[in-house]
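Take these sequences, add in the hints, and give me the full structure.
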Amino acid sequence: MIFAGRYTPRLYIAYSTFYALGSLMAMQVPFVGFNVLKQAECAGSHGVFLLLQVYCFVNWLRGFISAGAFRRLVVVGAATLVAGVAIALVLLQLMGKVQWTGRSLTLLDPTYASKYIPIIASVSEHQPTTWTSYFFDLHILNLTDGGIFVILYGTVAWYFAGVMVRLMLTLAPIACILAAVGISATLRKFMGFLHRSFSGTTTPLKNGVQEVHSGFALVVVMVLTALLLSYQFHAAYVSSMAYSSPSIVIEAGRTQSGERVVFDDYREAYFWLRQNTPADARILAWWDYGYQMSGMANRTVIVDNNTWNNTHIATVGRALASTEEGAYPILQSLDVDYVLVIFGGLTGYSSDDINKFLWPVRIGSGVFPNDMPAERDFYSASGNFDVGPGGSKILHNCLAYKLCYYRFGEMRTDYHHPPGFDRARNTEVGVKNIKLTHMEEAFTSEHWIVRIFKVKKQPNVQPTTEEMKRKLRDAASQTASIDTEKTRFVGCVTGEDMLGADKIYSGGATGANYNLALHHAKAHGKRYFALSRVGGEGHVFAFDKLALAEKDFDGNGAGCERPCMDSQAHFCGCADSGCSDALAQPGKGQEHNRRWAIYEREEA
1 MIFAGRYTPR LYIAYSTFYA LGSLMAMQVP FVGFNVLKQA ECAGSHGVFL
51 LLQVYCFVNW LRGFISAGAF RRLVVVGAAT LVAGVAIALV LLQLMGKVQW
101 TGRSLTLLDP TYASKYIPII ASVSEHQPTT WTSYFFDLHI LNLTDGGIFV
151 ILYGTVAWYF AGVMVRLMLT LAPIACILAA VGISATLRKF MGFLHRSFSG
201 TTTPLKNGVQ EVHSGFALVV VMVLTALLLS YQFHAAYVSS MAYSSPSIVI
251 EAGRTQSGER VVFDDYREAY FWLRQNTPAD ARILAWWDYG YQMSGMANRT
301 VIVDNNTWNN THIATVGRAL ASTEEGAYPI LQSLDVDYVL VIFGGLTGYS
351 SDDINKFLWP VRIGSGVFPN DMPAERDFYS ASGNFDVGPG GSKILHNCLA
401 YKLCYYRFGE MRTDYHHPPG FDRARNTEVG VKNIKLTHME EAFTSEHWIV
451 RIFKVKKQPN VQPTTEEMKR KLRDAASQTA SIDTEKTRFV GCVTGEDMLG
501 ADKIYSGGAT GANYNLALHH AKAHGKRYFA LSRVGGEGHV FAFDKLALAE
551 KDFDGNGAGC ERPCMDSQAH FCGCADSGCS DALAQPGKGQ EHNRRWAIYE
601 REEA
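Going by UniProt numbering, the first residue of the sequence shown is number 1, and it counts up by one from there.
I should point out that these hints are in silico values taken from the structure, not numbers from a laboratory.
Here a beta-carbon is modelled for each residue, glycine too, at the ideal position from N, C-alpha and C.
Each hint should be verified, as a subset may be incorrect.
[What the hints assert, rightly or not] Below, a list of computed lysine-lysine pairs in the DSS-like style, where the Cα atoms sit at most 27 Å apart: (1) K522 - K551; (2) K356 - K432; (3) K522 - K588; (4) K454 - K486; (5) K432 - K457; (6) K356 - K435; (7) K486 - K457; (8) K486 - K393; (9) K457 - K522.
[Unchecked claim] FRET-style restraints, in silico, Cβ to Cβ: (10) K115 - M25: 19 to 25 Å; (11) Q332 - V262: 33 to 39 Å; (12) K457 - N298: 49 to 55 Å; (13) S577 - V150: 39 to 45 Å; (14) Y291 - K545: 35 to 41 Å; (15) L152 - Q332: 53 to 59 Å; (16) Y291 - A88: 36 to 42 Å; (17) Q127 - M411: 42 to 48 Å; (18) A180 - D497: 49 to 55 Å; (19) V29 - S199: 52 to 58 Å.
If you want it as structure tokens, here you go:
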């Protein structure tokens, strides 16, 4: 509005009040807090506020100095201000004080998330909006020139809504405004023609305005009225059919009498968890169901819908994509008691873990490319994602496949098809006689949509075999144990991408205890290990080669020297809130706030 020459004192008062109150109210939201000041996405509002103050001050100053002096002042001041703001933004970015999030970068480059942060691209609300959604949700698409601000708002909101479907919420207000402006202007004009006709007014119209016959004006008014009335039916229909069903209940259509058929499997499964598992039980499932499970089952989940920890979610994806034998150590490191999967093969429910399985694979392989199969390994020889007999053997042996299709080969879903026919994918499953070694079925809901498996615990004492006796004799003959093995503290880095490419992950208590991390490195025969602790848990990687020279370590500062849980003499670094408590800032270009304390085993 300023650049269009439409500045007024009312604009100054309106935006200044909106900025001050809006920022203060946003800071009261716990999830937002001081991110209003720290996040780069909010820098635009701060910049507009400062620009408005400067413009108001310059307008006031114009009345006290000559025109020539005023022009020189404006040129010098504008150049200084632009240069200062640019330098400040660059410095804040380099210092890590202000950073763009992956979601914001995706708005500017829709391909960013799919290339660099698959977890963002996997969220259903982050998918591009289909063009039918504009008509389905908004119905009236009459864009008008209601004003510069309205046009800019509408254009930007329209673009962003096309990038992420969740941003239809930001488009809805301006769509209502634009439609209201257009319909109001049309009705006002044609109602004026009707008024002139019925009142017999003979006053000539303004230049350029053509007289319209009252019959045509009446038709236009009636059509617009019918359109507005029909929109009420459309809105009521959309609200009842699309937006009135809670996500916890699945609508399966209607009976011949018109009654709705619903599947209550989610609530049934969460109630079972609440009533039949210990209060401290830890549940592993894909992050989509985290909030529901926490709220309704009141149990701890490994990951939830707050997708800030990409590494943790990738670990869950790695477990689901690994074989049962390969996933079991991961489940142990996370102290998992139960694994929950969603399966739609019996009912035809398509939003299950099998149909979305490639997202866990992509996210997991993006963080652990050397520790799990790649996405292409799960495709059949013909290049398809096939759960049937012609599918990939790696897919048939992965944990998610086994848990979803366990005992499904005994089920006959349709008398026209053989047992084990998957109605969601319209194919017969490839493996029917599935056996589990480290897990056992604990619960399956009425329609098999939710399946829960209990992770078997290893016995604390195992029978002493002859091989074990030999190993004990060999261990007793050694002069050093894992507790006395010497290590050298190398330093701290801020990102796991600075660690070796051959790194092997472990989590839970292992990431917070020096001796457990050392044992992890020794068990895998690795020379280095790096810890990142938060509370009584953390992350640890074991690897053989450093990705950069010691002189280039960028984390030797705040948060690096936080002691380990089991040894005050050793550093365990920090992760996330642990780094925030230590006043440590994220490293340059790093999504997470971490300090990885690196040790070298001198005996390796």
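- Violated constraints from the hint list, given by number and in increasing order: 3, 4, 7, 8, 10, 12, 17
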